[in-house]
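There are 2 protein chains.
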Amino acid sequence: MTDGVSPELIGFAAELADASGAVIRRHFRQPLTIEDKPDSSPVTNADKETETVLRALIGRRHPGHGVIGEEYAAHQPDADYLWVIDPIDGTKSFIVGKPLFGTLIALLHKGRPILGVIDHPALGERWIGARGHPTTFNGSAVKVRPCASLKQAVLYASTPHAFEGKDLTRYERIRRTAKLTGYGADCYAYGLVASGFIDLVVETDMAPHDYLALIPVIEGAGGKVTDWAGRPLDLKSDGTVLAAGDERVWAAARAEMTA
Amino acid sequence: MTDGVSPELIGFAAELADASGAVIRRHFRQPLTIEDKPDSSPVTNADKETETVLRALIGRRHPGHGVIGEEYAAHQPDADYLWVIDPIDGTKSFIVGKPLFGTLIALLHKGRPILGVIDHPALGERWIGARGHPTTFNGSAVKVRPCASLKQAVLYASTPHAFEGKDLTRYERIRRTAKLTGYGADCYAYGLVASGFIDLVVETDMAPHDYLALIPVIEGAGGKVTDWAGRPLDLKSDGTVLAAGDERVWAAARAEMTA
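Top line first, the protein sequences correspond to chains A and B. According to the working numbering, the first sequence is numbered sequentially starting from 297. According to the working numbering, the second sequence is numbered sequentially starting from 297.
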């Protein structure tokens, strides 16, 4: 591939999100079959059906591409082009009828995320990031906002209960410094970083399908996203995530999380 | 007044929510003037403008009614009919572009809440509860769901950081027992109790404009809402709130929060 992602691939990613959204909206706030996975996180028939639909569309249009999804086994994971999908990120929100859950669709080329979609089917809201293009929100370009310091930052995390021991101490230092802290926004928080409303997201225990789609979205809006140690995120990262709109806030948070 | 709230009053409350929604949507995700109040919570020009519009509408239609709002001084607080309004509940969500904030409109008659609206203008979603009528969500009747025990309950709170000392210990006991815990849904969580998706909400430091509108919504859907000690909520309550869809969960949570 050349420097920028082709409009064809971006269009196809949007088609995928249209298809997943149609499935998910049919199931939202309707009776669900809910199972507990081995890690005790819930999975529903809607998660599975959505991933099945996305895999079928990818297989039909791009049979040479690989797919890694949250719910089923990897397909051609060594392909140059690899889709990494989370049909419903925020299943806990989905099952309680809270509309901030989203579908995450990433495309990697030789291991590097080049395209990402954060789609919120219950809200009709979608961020798309693609290398060589500005990140868009429902079709309009968005940008992160400047924020000079942690003290002025709006911080988000999924839940404080994800942090333990030394990590909790580090996180608490950031939280007590930040101007305002919010929880429970799932992947929506990363979209709001790209759109310039949130300055910092700190997370842990994330899987590749949770973070890879966020990278092109945030980078294409001018932000920065790495693990806590400042390393780029890829399929083998340690599950920690630091996303910021302004590099100064990213650097300050990185210093705290590794202190 | 007779046993049920008149359709005229319910219709007027909906008109109020239409009007507040129109103001708030104009300001959502637009540049805001943000001030810190004495309690260090934020207030925006949108909060103030919304309350001004609601007060004007009430004064014109029902000049004999009183109004207590979050942002301005009480007007005729001794009137038999008293409106208690929070123009934007969840201002912290509003200013970061997260659409779960809502407008809360309560009507008290001789101190008792008889009508409540939870309106989410960025989502186009509205719960209305009124004595003598089933609670509605966007016009359709809703009901709480049965839940036999804390162990099976979905719990919500605004943030765990609101709890301190002994209260935090009590809250943590409930959280560790509950099946699933979520944060950051503002007044939306109470709507989801009425609609049968969330089983329990535990809060503290609430003001009358934060909780009075929730009461008719939850009671009209078959749920129960009191302070932690199990007392009915009124203008002089202590700021603790326990809302549950099923009385068994309410009783268990009450026992834990007063243990």
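Hints may contain errors.
These stretches of chain B come out as covered by chain A in the derived footprint (C-beta under 8 Å, 3 or more residues) [what the hints assert, rightly or not]:
1) 358-372
2) 388-395
3) 496-507
Here are the simulated EDC-like pairs of lysine to aspartate or glutamate, each with C-alpha atoms no more than 20 Å apart in a straight line [unchecked claim]:
4) B/Lys475 x A/Asp314
5) A/Lys475 x B/Glu331
6) A/Lys532 x A/Glu367
7) B/Lys447 x A/Glu311
8) B/Lys447 x A/Glu331
9) A/Lys447 x B/Glu421
10) A/Lys447 x B/Asp332
11) B/Lys333 x B/Asp501
12) B/Lys439 x B/Glu421
13) A/Lys388 x A/Asp335
14) B/Lys439 x B/Glu515
15) A/Lys344 x A/Glu311
16) A/Lys475 x B/Asp332
17) B/Lys475 x A/Glu331
18) B/Lys447 x A/Asp335
19) A/Lys475 x B/Asp335
20) B/Lys475 x A/Asp332
21) A/Lys447 x B/Glu331
Derived by calculation from the structure, the hints in this document are not laboratory data. Yeah, the Cβ is synthetic: ideal placement off N, Cα and C, and Gly gets one too.
Hint by hint, here is what the structure shows:
no. : hint                : in the structure
1   : 358-372             : violated (count 0)
2   : 388-395             : holds (count 7)
3   : 496-507             : violated (count 0)
4   : B/Lys475 x A/Asp314 : violated, 32 Å
5   : A/Lys475 x B/Glu331 : holds, 13 Å
6   : A/Lys532 x A/Glu367 : holds, 18 Å
7   : B/Lys447 x A/Glu311 : violated, 41 Å
8   : B/Lys447 x A/Glu331 : holds, 16 Å
9   : A/Lys447 x B/Glu421 : violated, 34 Å
10  : A/Lys447 x B/Asp332 : holds, 15 Å
11  : B/Lys333 x B/Asp501 : holds, 15 Å
12  : B/Lys439 x B/Glu421 : holds, 16 Å
13  : A/Lys388 x A/Asp335 : holds, 14 Å
14  : B/Lys439 x B/Glu515 : holds, 10 Å
15  : A/Lys344 x A/Glu311 : holds, 18 Å
16  : A/Lys475 x B/Asp332 : holds, 11 Å
17  : B/Lys475 x A/Glu331 : holds, 13 Å
18  : B/Lys447 x A/Asp335 : holds, 18 Å
19  : A/Lys475 x B/Asp335 : holds, 14 Å
20  : B/Lys475 x A/Asp332 : holds, 11 Å
21  : A/Lys447 x B/Glu331 : holds, 16 Å
Violated hints, in rising order: 1, 3, 4, 7, 9; the structure is consistent with all others.
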